[in-house]
Every structure is written in C-alpha cells, then in structure tokens.
Amino acid sequence: MTPKEKERLIKRIWIVITYVVLIGFALVYLMPFIRSLVASFMTWAQASQYPPKWIPSPFTLENYEKLFRLELFPKWVRNTALYSGLIVAGNILFSSMAGYAFARLRFPGRDVIFSALLSLLMIPMFVTLVPNYIIIYKLGLIDNILGLSLLGLVNVSSIFLMRQYFMSLSNEIFEAARLDGCGPIKSFFYIALPLAKPALGAVAVYQFLGSWNAFIGPLIFLRTPEHFTLPVGLSFAFQRAMWTEYTPIIAGSLVASAPTILLFLILNKYLIRGIVITGGKG
Amino acid sequence: MPLFKFSSFYEKARNKEIVAGLVLISFAVILNMVFGYFAMIFAFFLSFFKWDYIGQMQFVGLKNFQIVLRDLSRGLHGTSYILAPFYTGLKNILIYTAIVVPVQTFLAIVLASFANQKIKGQQFFKVSYFLPATTSAVIVSLIFIWLFMKNGFINYALVHVIPGFQPIDWINDRRYLLLAIALVAIWGTSGHFMVSFLAAMQAIPKEIYEAAMLDGAGPIRRFFFITIPMLRPMIVYVVVLGLIGALQMFDLAWVMAGANGGPGGAGYTVALDIYNEAFTRIRPGVAAAKSWFLFAIIFTTTYLFQKKYGRAIR
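First to last, the sequence lines map onto chains L and P.
Each residue of the first sequence is one higher than the one before, counting from 1 in the working numbering.
Each residue of the second sequence is one higher than the one before, counting from 1 in the working numbering.
Bound conformation, chain L alone (with noise of 0.2 Å):
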C-alpha cells in the first residue's frame, strides 16, 4: 500500500466512524419521541411489554379518548396557552419599549439602571421565590394565572436582547427622523419597532418556550387543579394516579410537547442561529 493509498483508507474509516457516532446519538436524542409516539397508539398491555413492541396492535386511540375525556385536561391546555400568550405579548412590548429606551434614548441613571436590571440575571430564583409568593399572595392573585404571569412579563433577557438589536441599527435613520421632528417616541412607533421584527421574533419564540415549559412558578402559585397548566397538571395527573394505565401520561406528554416541537421544527434554522447568537437559555 503506498502511503496516499492509506492516507485514504484512513480518511474513509475515519469518516465512517464519524457517521456512525452521529447517527448512534441521534437515535438517542430522538429515541424517547419515537417510542413515546408509537406507544401513545398502543394499549398498556402491549406497551409495558418485554422485549418492547414497535407496532401498535390493536392500534388505539383510547389514550388519547382517555386525555380528553378527563374534564381537567382541556383546561389545562387553555391555561397554558394563556399563560404563554400573556408572557409573550408582554415581553414583546415592555422589553421592546425598555430596550429601546436603554439603547437610543439619553437620560440620567440610564446605564445604571441596565446594569442594575442585568445584575438580576445572577440571582438564583429560589431567592426570590418565597418572598414573590408573598408578594402575590398579597395582593390576592395567587390560584391566578394574571398573578403568575405578572412575574415573567418583563423579563431582563428580554431587554437584553431588544437593547442590542436597537444599538446594532444605525444610527443615520434615527437621525434623520430626528431632523424631521419626529420625536422619540413617534420613532420608537414608526422607525425602530417595523426594523425590529426578526428581534421581536426571537423574544417572542424564547418566551413561549419558556413559559410553555414552565413549572416551578406555575407549581407554586396555581392551587387548584382547574388552573394548573400542563406540566403542572402532567405531573399532578401522575402522581394522583389519575389512570391506572401508564399509557394517557405518555399521550398527554405528546400533546403538551407539540406545540413546542413543532415551532422548534418549522423555525430551526433561525432558532439555532439565534440561540447561538444570545448564548441560549433554553
């Protein structure tokens, strides 16, 4: 074997290996949604088999009758997508608002209180967990989703990020509106947020995952099961027991996890990019 010969051989073995371990990993990453899937059509029986079944027989969609038919499950869904509407409409307007403000409006205190609002990133929510529920519990919100919502719907990464898309436009459009007499609020409405969509975007899509996958601020301040939201209400529907089949718990996962995966699926490429560009947090 001459020397090139094996430098070939070597780059194709090693290109096998590459595409073996990348796909192996993919099979695990995606392994508990493809089994999940194939189950939530299966009777428990056939689904708690060993060695493990892949095709649903008899093929059933008793799991998700069972789902629906609990009275409980539909209002979750509701709360839970009011829960992230409010989240994602606030945070679209306060943070673009704010950001704006922080990033082309001079007035005093301005950079003290952005770094004021950014030193809030470093405290672990535990901190403020119990004195919140207070603070909530207080003013009579608590079993509210408004109560629960009114404590995401500014958030400071939220500002972060519309603040430097704002510093990254130009500054010559604001200054010839500027010179027009459009004032600096006329800007905010009529120059700054039209260019700032694909910023808006990115908050909006990391908030509704965010607040679609929330638990422990739902857990702590949603009482009755009326009101809880999916996760919340999952996790509540297996503890108690709710059915003796392990089968509805896996079709009610499916369900409370598609609009998020769907969204991740159809937006992908923007999201990676972005969740790279802001360092993501997921």
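One or more of the hints may lead you astray.
Below are the DSS-like pairs computed for lysine-lysine, each with C-alpha atoms no more than 30 Å apart in a straight line [what the hints assert, rightly or not]:
hint, chain 1, residue 1, chain 2, residue 2
1, L, Lys269, L, Lys197
2, L, Lys4, P, Lys118
3, P, Lys308, L, Lys6
Worth flagging that the hints you see were computed from the coordinates, not collected in a lab.
Please arrange chain P on chain L, whose structure you already have, making use of the hints.
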C-alpha cells in the same frame, strides 16, 4: 383622560428624550424592582424571622441559619436523611453536578467536533440533538419514568449493548435513582450545548488550521492545540451555565423522585428542600436562609471557576 394629560405634558417637556426614556422603561423597571430587588431585600429580612404567612412575624436572629447548620452537622455525623434533609439535598446535588456538568460538556464538545466536518445532513443532526431542549423537563421526566421501568426500553437497550448487563429498577432503587436523573439531564442539555460548540468551532478562522497543517500538525494535535484553546470562552460559558442549572435542579427530581426525594431520599435536592420548607413545613424564614446558602454555593462555584479559567462570555 390621563393619556391626554400625559401627551400634553410630553409635548411641552423641554427635553422630550428624558421624559420618553423614563416612561418607556418605567414598566420594566417597576416590575423588576418589585419582583427582583424588593423580593431580595424581603428574602434577606425573612431569613431572620419566624413566620407562618398569617400571624405576627417574630424576630429570631440567626436561628434560621443555625437550623441549617445543625442539619448539616447532623448529616455529617450520619443521621438518617429525614433528620438532615438539607445535608441530603446538598450531598445529592453535588454528586449530581459532578456527574452532569463534566459529562454533558465533554459529550457536547465531542459531538460538535464530529459534526464539524464536511458531512451530509449536518442540519438534521443539529435538529435532532437540539430537540430535547425544546421539551419541558417535566414532560421529559414523565416519558423517562416509563423508559426507565424495570422491563422498560432503557434496560432492553442496555442488555443488548453491554454484555452481561442485568436489568435495573432505576426509579425504585436508591442506588440508581440519582444516576437516572443525571442521565435524563445529560440527555436533555448536551445536544443544546453541542449546537453552541459547533457554532463556536465554525467561527474559528480556517487560516489557523492551514498554518498548523503546513507545520505538520495532525488532526489530534490540531484538536488539542487549536480547537480546545480557541473554544475556551465557550467551554467556560457552558460549564458556568451548566453549574447554575444543575445546582438548582428541581423539575426532574420533583417528577422522577417525588417531593420527598424518593426511596431513601436518593433523589432529594436543595431546591426541593427549599420548596418543602416554604410550602409543606411552612417555615418561610428557614426556606429563605436555605436559599441564601444555595445562592452562596452557586456564586462561589461559578466565581471560582471563572477566576481560574477566565470569564464566561456570550
């Protein structure tokens, strides 16, 4: 009417920029001041008081911190986990962090370097590795409880991959519960970090590699002497983020082990203990004291790490 008043005030204002700026930030600042800074000061005071949320608050000095320290010393002397919950939680969370953070970081780097070649389907790999990060930890845990059952899929897969492997009752065996939780955490976050590393690797200038190749450096040396040093800020960032997440782990333990930490308290964590102190034992003062301990642990570990290896940058 108030809107009208504001607009006339705004139009008349000598410096519109100041008024506009303060108005635009007001909502964000007020909310974050209340739920961030005020809550923090409140937590500080709370840790010196005995209270049951309803009655009079009673100043107890450092007693709440004493309770935590006594718990720790009892645990060190080998008392059962029920009498030393904070110690149990702390011990578990340190073991858990020591497993999860190095493994997920290492795995993410390895997978990213495999993917950082001229290969087909790179986007497919990124998407499938990233998918777990888009799903709630609770949902993931519920699915994994089923996969971890004694006659479940994970035992089946391990029996076929590792020769001589005996099926384990992961969730109900106190020796394996924490490991099972750690494996789920690694599964859930390593793919996300892999994508971050891949982006950082692709940002390394090609010229550096070309120069090294001219100097006769092989792929392994290029990896250790170029890729790893160039990735260092990203590695620090991923480790710091991993530490912050792992030390506060709550959701996975809540579902997989239960609020009391499962068999023998094997899945008990500091975060679960803070929750129980505040909402089951109704001792918000002790919960506040424990949360300051947790804060101190997170702060010192991330601070020491960044001091040694350089600051984490986004």
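These are the hints, each one checked on the structure:
no.	hint	in the structure
1	Lys269(L) - Lys197(L)	17 Å, holds
2	Lys4(L) - Lys118(P)	20 Å, holds
3	Lys308(P) - Lys6(L)	43 Å, violated
In this structure, only the earlier hint numbered 3 is contradicted, and the remaining ones agree with it.
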